[in-house]
Every structure is written in structure tokens, then in C-alpha cells.
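Since chain E is already given, all that's left is putting chain V on it; use the hints.
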Amino acid sequence: MTIAPRPCTLSLEIDPDPQQFRRASGWLRAGGLSQGVPEEQIDRLELCLNEVLANLIEHGGDAVASHPIQLELRASALPSGCDIQLVVSDRGEPFNPGQASLRALPGNLEQARPGGLGLRLVKAFSDGMVYRVLEGRNELTITIHWTPRS
Amino acid sequence: MSDPSTSGTAVSLEHEDLSEELRRIWLGGRMDMIGVGEIELPFTALAASRPVSVLVDLTGVTFLASVGLRCIIQSAKALDLKGGRMALLVGDNPLVRGTLETVGVGEIIPMFSDEAAALQSLSVPAT
Chain E
0 MTIAPRPCTL SLEIDPDPQQ FRRASGWLRA GGLSQGVPEE QIDRLELCLN EVLANLIEHG
60 GDAVASHPIQ LELRASALPS GCDIQLVVSD RGEPFNPGQA SLRALPGNLE QARPGGLGLR
120 LVKAFSDGMV YRVLEGRNEL TITIHWTPRS
Chain V
0 MSDPSTSGTA VSLEHEDLSE ELRRIWLGGR MDMIGVGEIE LPFTALAASR PVSVLVDLTG
60 VTFLASVGLR CIIQSAKALD LKGGRMALLV GDNPLVRGTL ETVGVGEIIP MFSDEAAALQ
120 SLSVPAT
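Sequence order for the protein chains is E and V.
For the first sequence, numbering that gives the first Met the number 0 gives the first residue as 0, with consecutive numbering after it.
For the second sequence, numbering that gives the first Met the number 0 gives the first residue as 0, with consecutive numbering after it.
Looking at chain E on its own, in the form it has when it is part of the complex (with noise of 0.2 Å):
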């Protein structure tokens, strides 16, 4: 059996380092499990937030190294169930994932190519994605959504 989460708010500042994402990680896991939200959930919200992190250290461009990025989590239920949000902003180059195509999967090795893995993951691991450009800052917001069971 799983309750409903407790509505709340957490936030968290890092530096754009990848040795920060593991305490990142921390603190979702911690939020998360504070917020009863079910740990499955908690597994597919982590996963998205690595990926996120990582594509910004890859992609985010000079921007994203000298200014701290801006975490927040917010747990809340409703009529039609729970959600779990996370708020990723930043300075880095913008970006809405949203919008971006994802690439063919590889049919055989020789197809394979790098890259492109990590954005086809948070879109089959979140159910939702909002993505706005907020006072010169990226703000992209990934929803996991669950029904409690009873």
C-alpha cells in the first residue's frame, strides 16, 4: 500500500559539477522518500535528473559553468492522483527537450552512433516535460505521475 504524498517544497542550489550529482541525487531520494513518494517513482525521477545534469555539462555551453544550478521538488496530490515535479533552471544554453526530435534506434551495432540516449530516456521515464525561459534562465520541469494503491 502507498499513501499520498505530503505537499512540500525542497530546493537546492549546485555547482554545474558532475562530482555534485551524486548529492543531488541525495536529496532527491531524501525529498522523495520525506515526501512519501513511492521509491519506484523516486528510481524514474532520479534517472531523468542524471540525464538532465549530464546534458547540461555536455551541451549547456560556457554559461552553465559559472553559475550555480537551481533544483526544486515538489510532491503534491490530486483527485486524479500524485505527482512528483522537479525544476531544473539554469544559464545554459537554451534548450527545450520537449521540442527536440529523437534519433532512429540502431537496428545493429554499426548503426549505433553516441548521444541522443539520454533525452529518449527522460522521455520515457517522466510523464510530462515543461520547459519556458524564465528572467534569462532555463526552466524545465519533468512531472512523474502515479496513482496511489489502496
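Treat the hints with care, since some could be wrong.
Per the computed footprint, the stretches of chain V lying under chain E, defined by three or more beta-carbons under 8 Å from a beta-carbon of chain E, are [stated by the list, open to error]:
id: 1; region: 31-40
id: 2; region: 65-74
id: 3; region: 87-99
id: 4; region: 103-115
So these bits of chain V aren't anywhere near chain E, every CB distance computed over 12 Å [what the hints assert, rightly or not]:
id: 5; residue: H14
id: 6; residue: D16
id: 7; residue: S18
id: 8; residue: E19
id: 9; residue: G27
id: 10; residue: A44
id: 11; residue: S48
id: 12; residue: R49
id: 13; residue: D79
id: 14; residue: Q119
With the Cβ distance kept under 8 Å, some of the chain E side facing chain V (calculated, not the full set) [claimed, not checked]:
id: 15; residue: D14
id: 16; residue: P17
id: 17; residue: F20
id: 18; residue: E50
id: 19; residue: A53
id: 20; residue: L104
id: 21; residue: P105
id: 22; residue: G106
id: 23; residue: L108
id: 24; residue: L116
id: 25; residue: G117
id: 26; residue: R119
id: 27; residue: A123
If you are wondering where the hints come from, they were derived from the structure by calculation, not from laboratory data.
As the structure is a computational prediction, the values presented were derived from the model and not from experiment.
Ideal Cβ placement from N, Cα and C applies to all residues, glycine included.
Coordinates of chain V only, in the frame set by chain E:
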């Protein structure tokens, strides 16, 4: 799953040559950017340096990000170019399995959940 900020973060890499033609590599722990950075070079050296059959055992992997997938796929490609081949042994971690399935790894590298079947697939010459 354990809290990555406090425990369970170590990535591990071990190998054993089961015969002249068959090598088994165990990967374990957290294959995120940091973890993959620690094992990428030795893993590639073990997996793709000789034209042999390589079983990559992922049953001990607790977290697999795209950077880990890329490392495995690139090594499989390099091994294939040398005339060897790779198979993956996957455990019951649903997140790791889901990650592999989402990007279609099983379509390009044979993927097994049964150890005997994985080893057998590598013992039969490719046609």
C-alpha cells in the same frame, strides 16, 4: 535503492578469463558520470582489446545512466570491429532493465537474464 549521497556509490569492475576465447566482466554499483569516468578506460581495455567473446555481467549494477550505456555500446562496437562479440547478462533491477530496453540495447547486443543462456550464446560461433 540506497542513498547515492551516502552509500552504494562505488562502481566496481572485475574480470575473469573463462577460456582463451571467453572473458567475463562484472560491472557493479552506480554507473553515472562519476562511476563511468572511473571504469571507462579499464573496461574498454578489457572488453575490446582482443577478438574474443565477452560476457558483460550487469547484475550488480544499481544505477545505469546514458553515459554507461554509451560506454558499453562503444566497447561492443570496438569489439565487433576486431572480430569479437559481446553479450549482456542483466539482473532483476527494474530500473537498469528498463534503461537498457528503452534505448533498444537488446536489439544490438544480445541481452540475457539467464547466465547459462548468455554463456551458451557466446560459445557458439557466429554464422
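Now for the hints, and whether the structure bears them out:
no., hint, verdict
1, 31-40, "holds (count 4)"
2, 65-74, "holds (count 6)"
3, 87-99, "holds (count 4)"
4, 103-115, "holds (count 4)"
5, H14, "21 Å, holds"
6, D16, "23 Å, holds"
7, S18, "23 Å, holds"
8, E19, "24 Å, holds"
9, G27, "16 Å, holds"
10, A44, "19 Å, holds"
11, S48, "17 Å, holds"
12, R49, "17 Å, holds"
13, D79, "5 Å, violated"
14, Q119, "20 Å, holds"
15, D14, "14 Å, violated"
16, P17, "4 Å, holds"
17, F20, "6 Å, holds"
18, E50, "6 Å, holds"
19, A53, "6 Å, holds"
20, L104, "4 Å, holds"
21, P105, "6 Å, holds"
22, G106, "7 Å, holds"
23, L108, "5 Å, holds"
24, L116, "4 Å, holds"
25, G117, "4 Å, holds"
26, R119, "6 Å, holds"
27, A123, "4 Å, holds"
Checked against the numbered hints given earlier, the structure breaks hints 13, 15 and satisfies all the rest.
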